[in-house]
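Trainee: Build out the structure end to end from the sequences listed, making use of the hints.
Order-wise, the sequence lines are chains W and D.
For any residue, its number in the numbering used here is found by taking its place in the first sequence, counting from 1, and adding 8.
For any residue, its number in the numbering used here is found by taking its place in the second sequence, counting from 1, and adding 70.
Relax, there's no trap hidden among the hints.
Straight-line Cα separation of at most 30 Å, BS3-like style, residue types lysine-lysine; simulated pairs:
1. K46(W) / K74(W)
2. K353(D) / K637(W)
3. K421(W) / K122(D)
4. K122(D) / K105(D)
5. K118(D) / K105(D)
6. K353(D) / K98(D)
Hints are computed from structural coordinates only; laboratory data are not their basis.
Note that the coordinates shown come from a computational prediction; the quantities given were computed from them, not determined experimentally.
In case you want the letters, here they are:
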Amino acid sequence: MILVLAYSAVLLSFFSGLLGLMMHRRQQLLEFSRNWFKKFPSENVHGQSMIAGYLEEKRFPVLLRKAVFVLLGLSGAFAILAGLSILIAREVVTDRIGLGLPWLPWHVRFDCLSGFFFLIIGIAVSAVSLYGPGYVNSYKESHHPFAVLSLFTGLFVTGMLLVLLADDAFFFMIAWELMSVASYFLVAFQHENPANRRAAFLYLLMAEVGALAIILGFGVLAGFADGFTFDAMRGAHLSTTWASIAFMLALLGFGMKAGIVPVHVWLPEAHPVAPSHISALMSGVMLKVALYGLIRFCFDLVGDVHWQWGVVLLILGTISALGGILYAMMQPNLKRLLAYSSVENIGIIFMVLGLSMIFMANGHPQLAALGFLAALFHAFNHALFKNLLFLGAGIIHHQTHQLNIDMMGGLIKKMPKTSMLFLIGCMSISSLPLFNGFVSEWLAFQTALQVDVLDNGVLRSLIPVAAAALALTAALAAACFVKVFGLIFLGQPRSHHCERAREVQDKGMLAGPALLAGLCFLFGIFPGPVISLINGVAGQLLGQTLPNDAALGWLWLAPVSTGQASYAPPLVLIGALIAAGVSFWYLRRNPSTVMRRAETWDCGFGGLTHRMQYSSSAFTMPFRRIFAKVWIIDEQIDKDMRGAMDQDVAAVHYQLQIQDHSWPRLYNPIQDGVNQLAKLVGRIQTGNIRVYLGYSFVTLIIMLWVVS
Amino acid sequence: MNWLIAVLQTTLFVALAPLLAGWVKWCKCRLQNRKAPSLFQPYRDLLKLTNKQPVVAEQASWIFLIAPYIIFSATVLAATVVPLIAVDLPTSASADVIVMVGFFAFARFFLALAGLDIGTAFGGMGSSREMTISSLAEPAMLMAIFTLTMTASTTNLSFAITHVLNEGLVLRPSFVFALAALTLVAVAETGRIPVDNPATHLELTMIHEAMILEYSGRHLALIEWASQLKLMLYGVLIANIFFPWGIAATFSIQALGYGLLAIIGKLALLAVVLAIAETMVAKMRLFRVQEYLSFAYLLGLLGLLSHIILEAAR
Numbered sequence: 009m010i011l012v013l014a015y016s017a018v019l020l021s022f023f024s025g026l027l028g029l030m031m032h033r034r035q036q037l038l039e040f041s042r043n044w045f046k047k048f049p050s051e052n053v054h055g056q057s058m059i060a061g062y063l064e065e066k067r068f069p070v071l072l073r074k075a076v077f078v079l080l081g082l083s084g085a086f087a088i089l090a091g092l093s094i095l096i097a098r099e100v101v102t103d104r105i106g107l108g109l110p111w112l113p114w115h116v117r118f119d120c121l122s123g124f125f126f127l128i129i130g131i132a133v134s135a136v137s138l139y140g141p142g143y144v145n146s147y148k149e150s151h152h153p154f155a156v157l158s159l160f161t162g163l164f165v166t167g168m169l170l171v172l173l174a175d176d177a178f179f180f181m182i183a184w185e186l187m188s189v190a191s192y193f194l195v196a197f198q199h200e201n202p203a204n205r206r207a208a209f210l211y212l213l214m215a216e217v218g219a220l221a222i223i224l225g226f227g228v229l230a231g232f233a234d235g236f237t238f239d240a241m242r243g244a245h246l247s248t249t250w251a252s253i254a255f256m257l258a259l260l261g262f263g264m265k266a267g268i269v270p271v272h273v274w275l276p277e278a279h280p281v282a283p284s285h286i287s288a289l290m291s292g293v294m295l296k297v298a299l300y301g302l303i304r305f306c307f308d309l310v311g312d313v314h315w316q317w318g319v320v321l322l323i324l325g326t327i328s329a330l331g332g333i334l335y336a337m338m339q340p341n342l343k344r345l346l347a348y349s350s351v352e353n354i355g356i357i358f359m360v361l362g363l364s365m366i367f368m369a370n371g372h373p374q375l376a377a378l379g380f381l382a383a384l385f386h387a388f389n390h391a392l393f394k395n396l397l398f399l400g401a402g403i404i405h406h407q408t409h410q411l412n413i414d415m416m417g418g419l420i421k422k423m424p425k426t427s428m429l430f431l432i433g434c435m436s437i438s439s440l441p442l443f444n445g446f447v448s449e450w451l452a453f454q455t456a457l458q459v460d461v462l463d464n465g466v467l468r469s470l471i472p473v474a475a476a477a478l479a480l481t482a483a484l485a486a487a488c489f490v491k492v493f494g495l496i497f498l499g500q501p502r503s504h505h506c507e508r509a510r511e512v513q514d515k516g517m518l519a520g521p522a523l524l525a526g527l528c529f530l531f532g533i534f535p536g537p538v539i540s541l542i543n544g545v546a547g548q549l550l551g552q553t554l555p556n557d558a559a560l561g562w563l564w565l566a567p568v569s570t571g572q573a574s575y576a577p578p579l580v581l582i583g584a585l586i587a588a589g590v591s592f593w594y595l596r597r598n599p600s601t602v603m604r605r606a607e608t609w610d611c612g613f614g615g616l617t618h619r620m621q622y623s624s625s626a627f628t629m630p631f632r633r634i635f636a637k638v639w640i641i642d643e644q645i646d647k648d649m650r651g652a653m654d655q656d657v658a659a660v661h662y663q664l665q666i667q668d669h670s671w672p673r674l675y676n677p678i679q680d681g682v683n684q685l686a687k688l689v690g691r692i693q694t695g696n697i698r699v700y701l702g703y704s705f706v707t708l709i710i711m712l713w714v715v716s
Numbered sequence: 071m072n073w074l075i076a077v078l079q080t081t082l083f084v085a086l087a088p089l090l091a092g093w094v095k096w097c098k099c100r101l102q103n104r105k106a107p108s109l110f111q112p113y114r115d116l117l118k119l120t121n122k123q124p125v126v127a128e129q130a131s132w133i134f135l136i137a138p139y140i141i142f143s144a145t146v147l148a149a150t151v152v153p154l155i156a157v158d159l160p161t162s163a164s165a166d167v168i169v170m171v172g173f174f175a176f177a178r179f180f181l182a183l184a185g186l187d188i189g190t191a192f193g194g195m196g197s198s199r200e201m202t203i204s205s206l207a208e209p210a211m212l213m214a215i216f217t218l219t220m221t222a223s224t225t226n227l228s229f230a231i232t233h234v235l236n237e238g239l240v241l242r243p244s245f246v247f248a249l250a251a252l253t254l255v256a257v258a259e260t261g262r263i264p265v266d267n268p269a270t271h272l273e274l275t276m277i278h279e280a281m282i283l284e285y286s287g288r289h290l291a292l293i294e295w296a297s298q299l300k301l302m303l304y305g306v307l308i309a310n311i312f313f314p315w316g317i318a319a320t321f322s323i324q325a326l327g328y329g330l331l332a333i334i335g336k337l338a339l340l341a342v343v344l345a346i347a348e349t350m351v352a353k354m355r356l357f358r359v360q361e362y363l364s365f366a367y368l369l370g371l372l373g374l375l376s377h378i379i380l381e382a383a384r
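Mentor: Right, here's the structure in full:
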């Protein structure tokens, strides 16, 4: 039954992709319907005219778009249902589908871990399908055909869902590739721009290199098992060395998809160029699928984790978290900024997952469950608020035709509803109390604070350093998103586009983000239900639940014990309402002191303009000076002089380029190396046919010698 | 009963905060050979501001208008968490010390947004600087607090203080480091010399004042009150975590009275130290603040490491 729900989700998303292909088949459909009615003449004239009406030239595309997104939304709803029902039932369902290679049918397994990620995907896809119809309206059919977009969106979602269902390496890789390749076409959707093509190629390249690493990782496991099914791999016994090799390969492969530093470089290139609802899916959900892969690989397939792996994850995660947010801060392009912030959040998840591994390997499964819980809950939260922010960025782009936050400002008055939703996203991602981001971060800190139970001195001093880095990350994230919200929505408009911007008219475009924002707030106040769901995942995967799962209620959050740490968001909310209410009531009691509006203080000079405001680069200038070594900063100031002696400054030109260290340090050498190698190989390519015949002859002789 | 005490403590916090600010000012004036204003001057200022009609910039949006209420209530919520005269607070359980740091972040988030809202250079400058300083100070503070929470193995402030109280007078190297770190952070976070100067409106140096330049009337009163509350909060944190003696462990009238007297004495002493430090030290350049705060961060980390390596070693 549960599996039927999951299959329906997969099939619905697949059909939504196929349905989009009908976009250019209106004539055929028209003819088909005519023939149909000729063959089976019916009394129902009303029905005939209705279908003919649907196929009218004007109405057809609009209806089709809606239908595609309705199917996608249904797929999301079914995914949510499937995920919830398996999480509540706490079961494992397996199945076989007779597709694929003849001697290797596709094995399907649906357990709590898959179910939890089904839930994440379901929520994200539902929000996107509410948002989609309004957003894709702006694409011109001749330049950006809807058929392409919807086909690959459908395939992309299908691929992600199938990855979660896969129970053998072949099926897993097929689904994985479906997801990667479909998303490549989505990144390349606006391919008229060379930069977009370059970004898409980079994405494809890294996705394939990653997939290669994953295949090798599975290969190592399969070498010790008798087959490619995950069940066989679970039973295999690996030596520590081989297990570590498999882990490193999986880490490389899944880390590349998840966007861990230093293999994160495709994220800030690919996410900004995809359509916004696709970047929302890629950033909010696809990275989570990579996370799922890593968790499945390490905790489930390899079985016994080693603490050294945890340390690797912890260190990589820390670097990604800090690096991600510092790079995010410097980006003027909103979607690039959000992409870097995804690197940060994935880093946080990896850190906590690393902690979980360390506790697991040191024989503290309950604390491992706590870390696991924090990691998965943060993944869930990140899916919610990052989706929300990307959809918000899409609305802003849709209304102002800008993504450069230095060109925005004052949108809070033009777009009040969007600004409210975006504010909730910013507050969640900055992990402020009462919102969901805070809860997962609180859990992460609680995990790190349990370090006292470990015996290893190095770990005992390493983990607090990581906790310190986590604290710094959180504070920097708050600064970054103050900048984002402040520059986009507050102050005076910095461009004409922003001055003329209006609130988005399409209700669905607001409903999608509103759904996510509501969930961000809801799970910030009542995190209990989600945590008890994840507790089931931990119980199934790690064989251990939270130390104090009796205390999991709707009111209190006390994961270790009530004496050690507790948090009651509803009480905090009530307290906040009381405090704000009392002060508001007291201060507003006298009607004679109602406020008065007046001109902004301009130091007596008059004429404040939007150019006097702080810009993005001005806001982050102190950070640029303090953390100068983190970026490659290229700052240029040119002055135009005028006057007889060139003594007056006419204009100042300021240019700022921020570059990622990983390009010159890592990727350019690799690129050069590949080029060098190609040149070496090129030497034997003389272009002379006799030489080539000689090569074949020599090869043949060597082969014969080897065979004999 | 517990909840009653919690409400009483919070009320005391809110009521006494201006007095502490007045006392610091009084001490500073006496140290600088000036005639001091009355101790109750901050109360008069607040009363005057609440009765005035606020003037709001045309550019301001609703963020600017609700920010003072949010800042004030977040700070009050932070105050409910910190044991003032008695331990065993129910509110410390509903929000632990990490949540308290979160409340400060909440208030700061809206303060910085309000600074950006009016669209002037001053507002942006203040917000940018505030976020810079706080993003360095917040981790340093968490490090100092983690030292405490790991020693007491709880993040609940009431329980942690009880733990320190029961341990008696033990000289822990980690606590010395943590005390130093927390003191440095407190000075930075409450905007005192040498990081910021609450008494000037000089464009090159101001941080907190730059953000609230456009506020007037009751909005200004709320923000001022919140910052006085924050000063007192940090004072109480330092006093009650590192020197908890005197705080009431039971809820008898006598014990509570002692607790009140003890905390007033401790805070008065701390304020004198602050006033002396502010008189003797000059304000730093803005880009020296990072060195100051990374020193605090380092101290916090050293505290944590010395707890782990020296004290909890096995």
